[in-house]
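Engineer: Sequence:
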Amino acid sequence: MEYNFSEIEKRWQKAWAENKTYKVTEDKSKQKFYVLNMFPYPSGAGLHVGHPLGYIASDIYARFKRLQGFNVLNPMGYDAYGLPAEQYAIQTGQHPAITTETNIDHYREQLDKIGFSFDWDREVRTCDPKYYHWTQWAFIKMFNSFFCNDTQKAYPIADLIKHFETEGTENLNVAQSESLHFSAETWKSMSEVEQQKTLMNYRIAYLGETVVNWCPGLGTVLANDEVVNGVSERGGYPVVQKKMQQWCLRTSAYAQRLLDGLEHINWTDSIKETQRNWIGRSEGTEMEFKYCLGSDASSNNAEGSKETAEEGSFTIFTTRADTIFGVTFMVLAPESELVDKLTTNAQRAAVDDYLSYVKKRTELERMSDRKVTGVFSGSYAINPFTGDKIPVWISEYVLSGYGTGAIMAVPAHDSRDYAFAKHFNLPIIPLIEGADVTEESFDAKEGIVMNSPREGVQTLDGFNLNGKTVKEAIAATKDFVTKHQLGRVKVNYRLRDAIFSRQRYWGEPFPVYYKNGMPYMLPEECLPLELPDIDQYKPTENGEPPLGRAKKWAWDERQKQVVDKSLVDDKSVFPLELNTMPGFAGSSAYYLRYMDPHNDHALVGKEADEYWKSVDLYVGGTEHATGHLIYSRFWNKFLYDCGVSCQEEPYKKLINQGMIQGRSNFVYRVVSEDHSKAPLFVSKGLKDQYKTTPIHVWVNLVKNDILDVEAFKQWRPEYNNAEFILEDDKYICGWAVEKMSKSMYNVVNPDDIIKDYGADTLRLYEMFLGPVEASKPWDTNGIDGCHRFLKKFWSLFWGRATEDKLVVDDAQPTKESLKTVHKLIKKVTEDIEKFSYNTAVSAFMIAVNEMGQQQCHNVELLQKMIVVLAPFAPHVAEELWHVLGNEGSVCDASWPNYDEKYLVESEIQLTISFNGKARYQKTFAADADNATIESEVRADERSLKYIDGKQIVKVIIVPKKIVNIVIK
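Okay, so the sequence shown: first residue is 1 according to the UniProt record's numbering, each after it adds one.
Don't read these hints as lab results, they were simulated from the structure. In this text, all values refer to a predicted model and were calculated from it rather than measured experimentally. Think of the CB as a built atom: it goes at the ideal place given N, C-alpha and C, for glycine as much as any other residue. Hints should not be assumed to be uniformly reliable.
Claimed, not checked - Computed spacing ranges between beta-carbons, pair by pair:
#  : residue 1 : residue 2 : range
1  : N749      : E26       : 34 to 40 Å
2  : K606      : R800      : 56 to 62 Å
3  : K742      : K677      : 27 to 33 Å
4  : D533      : E673      : 55 to 61 Å
5  : R788      : K677      : 43 to 49 Å
6  : Q921      : G885      : 38 to 44 Å
7  : D756      : L884      : 25 to 31 Å
8  : E109      : G770      : 27 to 33 Å
9  : L567      : E524      : 19 to 25 Å
10 : G770      : K792      : 18 to 24 Å
11 : E109      : E673      : 48 to 54 Å
12 : R558      : E26       : 39 to 45 Å
13 : D927      : K272      : 46 to 52 Å
14 : I98       : E673      : 48 to 54 Å
As the list claims (entries may be wrong) - Subject to a maximum C-alpha distance of 30 Å in a straight line, what follows is the list of computed DSS-like cross-link-like pairs (lysine-lysine):
#  : residue 1 : residue 2
15 : K815      : K864
16 : K687      : K742
17 : K792      : K755
18 : K739      : K703
19 : K776      : K827
With the hints as extra help, turn the sequences into a complete structure.
Structural biologist: Rendered as C-alpha cells:
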C-alpha cells in the first residue's frame, strides 16, 4: 500500500481534535510534567519553517514523557498585544482586534497542520479581558505592596502605613526611590495627597520620573531592543531620550533574589551568566564629593585652588574606593539633575548642544559605542581625601540608571576613563608600580600600591595606601570612608526598575483613576477594566496617548463603573489612566494561567497550582535571555511572596533552540549598458566569463539549485522576456546561507513542505538538521532523505506500494533484529533526554535499513518501533498503531524498555584483506582470540584462491576491524 501522508495526517488531526486526545486534567494518580513554549506573537506573515523548530522539539519531549506515564501539560496561546497590529490599524483604520484575530486563525491553522499535542482548551490570549483581568489584578497587588530589604520579601502597603503611624521611618530598611526621613507625628500631620506622594516612594508599582526612548513618530515609549541606530525598528522614526513620568515596577528590589535563584535552576551556564551580567551585582562604596561652581570655564586643571567656596555635594558609587588618589576628573551622566546645577553660564551653550546630541542616542548605543564624546560643565568637585579641585565633565558613557549617575574617573586604570583623558588632554596618574596605563582594569591584580598618594600630597589624617596590596587597600579605604563619614559601604546592582507604561492603544489598560492628581486603584471586584473603542488609533492632537480619544473613559467612584468622561467632576467621577501596559505585562505570568485558565475567581487556583507547581521544561529563543526571563522571574517571585505561586522559580529547565537560516539562491544578471535589451542571465558555472550582478531569487522557483526558467519569467514583469545562457541545458543558481527574510526570498512556508512531503517529514527534517540549540541552514535538497525514510518504515508493514496487504507476522525474530530494535530503543531514549534529536533520527534510519535487510516483519518488534517513532512522526505512528489492531491512541501506549541481553555482542564481523586489499568479510565469535581468527581465515575456502601457491609472510589482526594477510 502506498504511503499517502496527506490523507493519513488529515484523518488523524481531525480524530485528535474530535476525541480531545491532548486534553489534560489534574490527575493526582500520575506524576505531572509541564512543558511550555515561549509565547508567540501572531504576525500577519504567519509561520516560516524556522518558527516551529522549538515547538517541535518541545512537542517530542512532551509526547515522550506522556508515553513514559507522566500527566503532561503542553499548552499554547498568543502574546496578542503589540505595535505591529496597532500601526496597521493607524494606517488602515481597521481595529487591531480584527487583525489579531485573523493572524491567530492563520497561526492556529498552520500549527494544527504540523500535528502538535497542544491542549487547545487551555489557550490564552493576552488581549482577552478574561486574561488581562489577572494582569490588572497583579498590578494592583504590586501597587499595594512594598519590599522589605531585611527579609527580602514583599508585604502589604498597609503594614508600612502602620509603621509610619507609630515610628515614622525609624528602624525601617525597605526598597525606596529616594531616602526619606520623617517621624510618626510628621506622617500623621500630612494631608492625604502628601501621604500618597510619600507612599509612592515605596510601592512596588509606582509612578516615577525616568529617562525613556521616546518616539514622536509612533507616539510611544520604546524598549531598547525596539530601537536600531537611533530610529524605531518599526517604521524607522527618530527616537530621542526624554524624561517622562511613567509607571515603573521595582524589579531592582528583587535583584539579589534573582541572582540567588539562578543557583537552583537547570539552565545553561551562558544564559545564567547573561542574567548575572544584566543584574550586575557589585560591592563598593558610596562617597560624598563636595562641589563648587568654577569661575574659569576653560580650565581643565585638576589641581585648582582649594579655597573656592563649596556650593553643595553629590554622591558617587565605586567598586574601587582605593583608587581615590588617581582621580583626575569626575563625569556626570547627561540625564543627571546635577548637570543643570553644575553647568556655568560660560559653558551653558556647549552643554546644551551636547545634551541635544545625547538625546538621540539610546542607552544600548551608548554602552556599545566606544567613541569618546563629552563636555566640561565649568565646575569642580573636591577630592574628600586631598582637597584637590577636580573638573566635572559630562559624558554619555556614564548612565544615569547605574549607581548614582556620577563617577570618579581614574584614567590610569580604566579603559574608558583613559580614552576620555587622552582625548581631552586630562591628567593620568598611575597607582600601581609597573602598571600599564592602557589596560582595561586592574581588579584582579595583587600588586603593591606604591603611588597612593603622590609624593608631597597632603591627605586627610595623613591617610595613605603605600605598601598595601590591592585587596588590603580596598579594605582600608572602605574603613576610612565609614569612620570619617565620607560615605558608606554599599552593594549596587545594574538591574533597574522596569518601565511599565506605553503611550499606545493596543495594550492592557491600567486599572487606575486619578483623584487630586494622585493615582488610585479600581476595586478588584470591578475588574477587568476593558479597553474602550476609539475612532482613531494614533495620539490625540494635543499629544495625549490614543486612549485620550475614548469618550467613555472616566471612573464613577460611587457607582463603581466606567462612565462618559464629560461627567468628570473630580468629586465622584475621575479621569482614568491613558497609558497602557507594555508587551511583557501579559507574558510575565501566562505559565500560571495555563494551569487554571477558566478560573474566574483567581489567577490560578490553589489545587491546580500545587499540582503543576512550575514549568519542568521551557523552550524558547536566546533573544529572551534578559528581558522576558528577568521580568517573568520577578513577577513570579512577587506572586510567591503573595502566596499565589507555590514555587519561587517559574522555570526549572530551559532549552534555547537555535535559528534555522535560509538557503538563498541567486541568479546572475549580465551587466549591460543598453537597458533596452532584454535582461540576460548566465548560469553559475559560466558566470566568470561575464561581468555579472547576483540577484536573489524566490526559493520556490529553484529545486536542487536548478532554476525553473519559465516560472522565473512569470515571477516578475521585468523578467518576462529574459534570456538565459545555460550549461547542459540547465540554469544552475548560486546559493548562500543567510537569515530567513522576505527581502532575500528565502522564507520557506511550512505549508508548502507539508503539502509536498507531509508534516511528519517536516518534523523529522527540522530535528535532523542538527542539534536543537545550534543554528543551521534550511536546505530543501536534503528533505527527500527523511521522506524516503518514512516510506521505508511504512514498507516494513505493507511491503510494496502496489500491494494492499499487511506483511507483518509472528515469526520468531532473529538475534540481529532483536539487537536492532533494542539498540534503537536505548539510543532514542537517551537522545531524547539529552535533546539530541538529530542523532535519534539517524538511529531510526539505520534501524529501518537493518530491519529491511533482515526482512524482519515481526509484529512485536515493529510495534515497539511505532511507539518510539511516535513523538517524532505522530501521524504515521498513529496510523500504523491502528493498522496493527490496537485500541486507543498511540499517545497512550507505554514507552518500551530495552533489554541489555540483546545488546551484548556475540559475534564480530571483520574485513579480510590480502596485501592491504579487502576481499571479503567474515563473522567470528566475539570472544575469539587471534590464533582462532587466523586459523579460521586460513581454512576459509575464499582465502584459498589468494593464498594458493604463495607464501604467507605474516598475518596482521586489527581488533574488531580487519585481518590483513601479507603474501608473496
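Engineer: Would you mind marking each hint as holding or not holding in the structure?
Structural biologist: Comparing the hints with the structure gives:
no.	hint	in the structure
1	N749 with E26: 34 to 40 Å	38 Å, holds
2	K606 with R800: 56 to 62 Å	59 Å, holds
3	K742 with K677: 27 to 33 Å	30 Å, holds
4	D533 with E673: 55 to 61 Å	58 Å, holds
5	R788 with K677: 43 to 49 Å	45 Å, holds
6	Q921 with G885: 38 to 44 Å	40 Å, holds
7	D756 with L884: 25 to 31 Å	28 Å, holds
8	E109 with G770: 27 to 33 Å	28 Å, holds
9	L567 with E524: 19 to 25 Å	23 Å, holds
10	G770 with K792: 18 to 24 Å	22 Å, holds
11	E109 with E673: 48 to 54 Å	49 Å, holds
12	R558 with E26: 39 to 45 Å	42 Å, holds
13	D927 with K272: 46 to 52 Å	48 Å, holds
14	I98 with E673: 48 to 54 Å	50 Å, holds
15	K815 with K864	16 Å, holds
16	K687 with K742	26 Å, holds
17	K792 with K755	20 Å, holds
18	K739 with K703	19 Å, holds
19	K776 with K827	23 Å, holds
Consistency with the previously given hints is maintained throughout, with no hint failing.
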